[in-house]
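Enquirer: What follows is each chain in one-letter form.
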Amino acid sequence: GQSLEQPSEVTAVEGAIVQINCTYQTSGFYGLSWYQQHDGGAPTFLSYNALDGLEETGRFSSFLSRSDSYGYLLLQELQMKDSASYFCAGDDNYGQNFVFGPGTRLSVLP
Amino acid sequence: DTAVSQTPKYLVTQMGNDKSIKCEQNLGHDTMYWYKQDSKKFLKIMFSYNNKELIINETVPNRFSPKSPDKAHLNLHINSLELGDSAVYFCASSQDQGGQQETQYFGPGTRLLVL
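These protein sequence lines are chains A and B, in that order.
Letter by letter, the first sequence follows residues 1 to 110 in the working numbering.
Letter by letter, the second sequence follows residues 1001 to 1115 in the working numbering.
The set of hints was computed from the structure by calculation and includes no laboratory data.
Hints may be right or wrong, so weigh each one.
As the list claims (entries may be wrong) - Subject to a maximum C-alpha distance of 35 Å in a straight line, what follows is the list of computed DSBU-like cross-link-like pairs (lysine-lysine): (1) B:1041 with A:81; (2) A:81 with B:1040; (3) B:1009 with B:1022; (4) B:1009 with B:1071; (5) B:1019 with B:1040; (6) B:1022 with A:81.
Sequences are here, hints too, so could you generate the full structure?
Expert: Below you can see the structure in the form of structure tokens.
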């Protein structure tokens, strides 16, 4: 089976940089995705890494290291609206199963 | 235009009842999914379905059954509802690109409360 681990909570202040880590155990892994979910809302796609390295999308970047079974989401210039839960997600068995991590709740303080 | 829509948004019902949640996507995607998110916000896939294959998470009770009248719809039927079924149920869809992970687009969720 597949499992992903993330910290349960992270707190930071506006304007800061925060990194949310994700480690995984899986076989037949295509890549790592990140989703954002605000309270009461639906998960929305943020980023996807199929290859090792850094992918940048505006204030958000995501990193993957397959050799370390590790990835992270980097959020820069934090804003209050970034307060949400962030989920890493990955494949198992080449797309037969899709699993979300437990989620990291990010609180951005003024 | 709403890409993935679900009805109803809220569902309150008694234990033992049978209920359905409807999902429609207008993205032209090939694959649709149902997820359950519990009170601790764990998001677990229940089913994934395209016109070729239904993949069932083995932990899902057989009281839950997906029904797809066509490619744009995947409804979720739940028989004999139990208290533990209370959760938020999300429908999602993705394009079947084969050989890579696909971005999933989620509906707004259906909040089910079983009394």
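Enquirer: Mind checking the alpha carbons of residue 1009 of chain B and residue 1022 of chain B for me, to see if they're no more than 35 Å apart?
Expert: Given pair residue 1009 of chain B, residue 1022 of chain B holds - Cα atoms ~10 Å apart, limit 35 Å.
Enquirer: Residue 1022 of chain B and residue 81 of chain A: Cα distance at most 35 Å?
Expert: holds, 31 Å
Enquirer: Is residue 81 of chain A close enough to residue 1040 of chain B, meaning Cα to Cα at most 35 Å?
Expert: Status holds; Cα separation ~21 Å.
Enquirer: Does residue 1071 of chain B sit within 35 Å of residue 1009 of chain B, going by the straight-line distance between their CA atoms?
Expert: holds, 22 Å
Enquirer: With the threshold set at 35 Å, check whether the alpha-carbon distance from residue 1019 of chain B to residue 1040 of chain B stays at or below it.
Expert: Answer holds: residue 1019 of chain B to residue 1040 of chain B is near 23 Å, not above 35 Å.
Enquirer: If you draw a straight line from the CA of residue 1041 of chain B to the CA of residue 81 of chain A, is it 35 Å or shorter?
Expert: Holds: residue 1041 of chain B and residue 81 of chain A sit about 19 Å apart, inside 35 Å.
The structure meets every hint from the earlier list without exception.
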